[in-house]
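Note that this note's numbering has the sequence shown beginning at 1, numbered continuously upward.
Incorrect hints may have been included.
[Claimed, not checked] Quick list of in silico lysine-lysine cross-link-like pairs, DSBU-like style, CA-CA up to 35 Å:
id: 1; residue 1: K45; residue 2: K129
id: 2; residue 1: K129; residue 2: K103
id: 3; residue 1: K129; residue 2: K162
id: 4; residue 1: K45; residue 2: K103
id: 5; residue 1: K162; residue 2: K45
id: 6; residue 1: K162; residue 2: K103
To be clear, the hints were calculated from the coordinates, so they are not data collected in a lab. Quick caveat, the model's predicted, so the values are computed rather than measured.
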Amino acid sequence: CAPAVVGLAADVPPPLPEQTGLAPAAAAPLEAGRARHDLPARAIKAVHEANIEALAELQAEDDDPNFLRDLRLARGWTLAHVAATTGNGAMLVPLAECGVDLKAATPLGDTVAHTAAYHGCIGALRVLKNRGIPINAENNRGERPVHKALLRRHEACVAWFKRRRCAIPVLPKAVDEDDGSGFLPRS
Numbered sequence: 001c002a003p004a005v006v007g008l009a010a011d012v013p014p015p016l017p018e019q020t021g022l023a024p025a026a027a028a029p030l031e032a033g034r035a036r037h038d039l040p041a042r043a044i045k046a047v048h049e050a051n052i053e054a055l056a057e058l059q060a061e062d063d064d065p066n067f068l069r070d071l072r073l074a075r076g077w078t079l080a081h082v083a084a085t086t087g088n089g090a091m092l093v094p095l096a097e098c099g100v101d102l103k104a105a106t107p108l109g110d111t112v113a114h115t116a117a118y119h120g121c122i123g124a125l126r127v128l129k130n131r132g133i134p135i136n137a138e139n140n141r142g143e144r145p146v147h148k149a150l151l152r153r154h155e156a157c158v159a160w161f162k163r164r165r166c167a168i169p170v171l172p173k174a175v176d177e178d179d180g181s182g183f184l185p186r187s
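Put together the whole structure using the sequences plus the hints.
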């Protein structure tokens with residue numbers, strides 16, 4: 001049985017204007033601010049669910065016509081980075097039509113292709129390649145997307161890069177591989 005958490009119940013409604021001590025007219029901006037704060041989470045959810053209609057509603061709700069294009073999330077991700085982690089990458093096309101930059105990189109230089117390769121999402125890599133986006137660019141640490149696929153052992157993704165004649169780096173042996181020395185690796 002999990003301990004009860006006091007004050008964090010999801011089913012507790014927001015306080016009424018009378019409870020906050022604010023006049024009803026003054027409470028309206030609070031609700032608007034709360035709704036504005038909720039938009040990034042709703043945008044992420046729409047991308048994860050491949051819900052194009054929800055993205056269109058969010059774009060219409062916001063006063064800024066470039067809201068989806070300019071949205072930056074944790075670690076500098078855009079909605080395109082989020083789309084590259086899920087499904088077959090089909091959400092990248094509607095996001096590009098909304099103005100989201102598919103060439104965007106994080107402050108560390110990780111592109112949407114780096115994210116797709118890390119998550120083994122070949123569909124997203126196909127979409128990027130078909131739209132003319134570089135799929136083998138280096139980040140600030142000198143890593144290419146194929147490095148990410150190798151490190152995560154996404155064999156199908158690595159094979160996809162090989163078929164496109166991307167240089168496949170030779171990584172040092174993993175700790176758990178037998179090197180022929182007669183010693184078993186530590187576990």
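Which of the numbered hints above does this structure break?
Those not satisfied: there are none.
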